[in-house]
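Visitor: Protein chains in written order, with full-length UniProt numbering: chain A, 1 to 233; chain B, 1 to 233.
I should point out that these hints are in silico values taken from the structure, not numbers from a laboratory.
Check before you lean on any hint, since a few could be wrong.
When chains are identical, the list treats them as one kind, so a pair holds in a single copy or across two.
Quick list of in silico lysine-lysine cross-link-like pairs, DSBU-like style, CA-CA up to 35 Å [said to hold, decoys possible]:
#, residue 1, residue 2
1, LYS55, LYS79
2, LYS124, LYS196
3, LYS55, LYS124
4, LYS79, LYS159
5, LYS196, LYS122
Bear in mind the structure is a predicted one, so any value in this text is a computation, not a measurement.
There are 2 protein chains.
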Amino acid sequence: MENQPRRYGVILYDGFQLIDVCGPLDVLNSLSARVPGISLSLIAEDTSPKSTIPKEWPANMGMSPFSTSQTLQPTHDFKTAPELDVLIVPGGMGSFDPVRTGKPNPAVVDPIVEFVRDRYPKLKYLLTVCTGSGIVSQTGLLDGKRATLFKGAWEVIPKWRPQVHWQPRARWTEEGNIWTSSGVSSGIDLMFAFVKHIHGDEIAQDISVWMEYSRQLNPDDDPFGITVAEERE
Amino acid sequence: MENQPRRYGVILYDGFQLIDVCGPLDVLNSLSARVPGISLSLIAEDTSPKSTIPKEWPANMGMSPFSTSQTLQPTHDFKTAPELDVLIVPGGMGSFDPVRTGKPNPAVVDPIVEFVRDRYPKLKYLLTVCTGSGIVSQTGLLDGKRATLFKGAWEVIPKWRPQVHWQPRARWTEEGNIWTSSGVSSGIDLMFAFVKHIHGDEIAQDISVWMEYSRQLNPDDDPFGITVAEERE
């Protein structure tokens, strides 16, 4: 019990995907009513509200911009964030921001990548949702490991870091203390699996019934997975 | 096309349930990238940030308070809210606030109930998630209609307004232009069904694949439904 992770943090940035963040966090809220001492920090580069609309809409994702949006308020910036046991990195259209991907200037390091790399040694677990694994891949922490991602970015993100064993067919992956989920809503299944891993199936099941959510139990059962053959078409 | 609802509003209050709001809204965000002219207002009694923690934790729901929370920022209050086509009323622990339920002073009307009653005649659709149907039931608009709710409140909410035909086993209900969903995550299925109803199945399916969400298609298939026999035990 003493070693159970209790101090959660989630990273926010402009262009985070709403359910990537709010799906796992509502599971966490429900967990916090059942397990004492759970805390959460919402962490960003600065503490201005972060929007679901990215600063620059990615041109290579084949989709028009959203016209509706929401914001979440960070509680800490990267300098003031407290010690964490679990860090969650969500995906979203903002993960394609040039600072994260194009690296127009190699001297400019994505502050999220820097924060994750800096904090990882003291974390108990690092979780990613959707394209969050693309951000984390650039730390090098996923090199040689199995990871998955938003399948709509299969043509794009694996090229950012080919050293990762990108899985085209996985609802989520667990490799040591780094867990990655597939696109958008899959983060809810990852979070339920994580709660089960840490606190046992009884609590996970209790929360899923309370949330009236039919959780997926098998990480390899990916209804939205693609085969490499399909991908090459 | 001209008559398709485009102007969405969602009600916020302290103690809204995170996925009740953010599940349907992420479907809406994704819709807004595919259908032009979709707008969203986040509407509350006042425009201070609204928290997932209620002002008073309900004593009759058999659960300890959450220790983690998030806030959403309203864009409008009840006076400044624009004309709307679709109004979404989420549930959450705040729906058990005494002003909504106990009616300690009959002269005090819940401002949410007042707003819904006032706006309904000009709405094209009214949607509720989770215990949101309990709030809306107090307008009288559900009298004689089928409605469902968060099954964890089956012993409590139907008593607030017995004139409603409360359904113990329904993922969601559709009665004319008032649709109600079951607990928490069921609002995502309701929203996908609503998108299908308005914009057709191709768009609904496209969004569900993009969000990697296995939507439930049958409103009567309720894995968390209860039988009246169970309820009487």
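Visitor: When the structure is checked against the list of hints, which entries are broken? Sort them ascending.
Guide: As far as the earlier hints go, not one is violated by this structure.
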